[in-house]
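Note that my numbering has the sequence shown beginning at 55, numbered continuously upward.
Hints in this document: simulated from the structure, not taken from any laboratory. Heads up, the beta-carbon is just placed ideally off N, CA and C, and yes, glycines get one too. Among these hints, one or two may not hold up.
To be verified - What follows is a list of derived Cβ distance ranges for each label pair:
1. Q123 to S202: 31 to 37 Å
2. G145 to E192: 31 to 37 Å
3. G185 to S106: 23 to 29 Å
Claimed, not checked - Within a straight-line C-alpha distance of at most 25 Å, the following computed DSS-like cross-link-like pairs (lysine-lysine) qualify:
4. K82 to K146
5. K144 to K189
6. K82 to K122
7. K127 to K82
8. K127 to K162
9. K146 to K189
10. K162 to K128
11. K84 to K127
12. K84 to K128
13. K189 to K162
14. K122 to K84
15. K128 to K82
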Amino acid sequence: MKRLLTAFLFLSFSWTLFSADTAELENKLKNAPPEQQAGVLIQLSYAHRHDSPDQAIEYGTRAAQLAKQFNQKKQEAAALNNTGLGYINKGKYETGLEFYYRAQVIYKELGDLEAMAVLASRIGNVFWYYGDLEKTLEYYTRSFTFFSGKNDSLS
Numbered sequence: 055m056k057r058l059l060t061a062f063l064f065l066s067f068s069w070t071l072f073s074a075d076t077a078e079l080e081n082k083l084k085n086a087p088p089e090q091q092a093g094v095l096i097q098l099s100y101a102h103r104h105d106s107p108d109q110a111i112e113y114g115t116r117a118a119q120l121a122k123q124f125n126q127k128k129q130e131a132a133a134l135n136n137t138g139l140g141y142i143n144k145g146k147y148e149t150g151l152e153f154y155y156r157a158q159v160i161y162k163e164l165g166d167l168e169a170m171a172v173l174a175s176r177i178g179n180v181f182w183y184y185g186d187l188e189k190t191l192e193y194y195t196r197s198f199t200f201f202s203g204k205n206d207s208l209s
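Please model the entire structure based on the sequences and the hints provided.
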């Protein structure tokens with residue numbers, strides 16, 4: 055019983071903090087100049103990836119459009135990545151993969167090994183859901199390679 059009460063209190067407290075954080079981000083978005091809005095939208099998209107994938111997709115899509123408009127490549131890739139997360143969390147794996155692949159092109163262009171590693175791992179997770187262990191291992195190996203700092207490609 056004590057564990058149940060502790061878990062309930064922790065979840066209630068966490069939800070309160072989450073709500074405050076997203077409300078703060080919403081307020082920040084209202085006051086941000088257009089060239090800074092993509093960054094806030096990316097944070098909102100990531101914050102909603104589990105509890106409200108539709109909102110995550112909406113915020114991610116808006117962020118990608120703004121980032122593209124202001125030629126903010128890293129933010130565009132992050133927005134595409136988060137949009138993919140939203141679709142994955144809705145069980146729309148093919149659509150999620152499409153966004154991951156679009157993000158991967160940009161991360162590769164930027165030479166961002168850490169982002170490429172995280173993305174390769176996420177792509178591997180999708181193939182795990184599909185039961186394609188060969189592709190899963192391929193992408194997990196790429197992720198490890200990127201995290202190790204070696205030069206590999208996501209092609």
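Non-conforming hints, listed in increasing numerical order | Per hint list: 2 and 4 violated.
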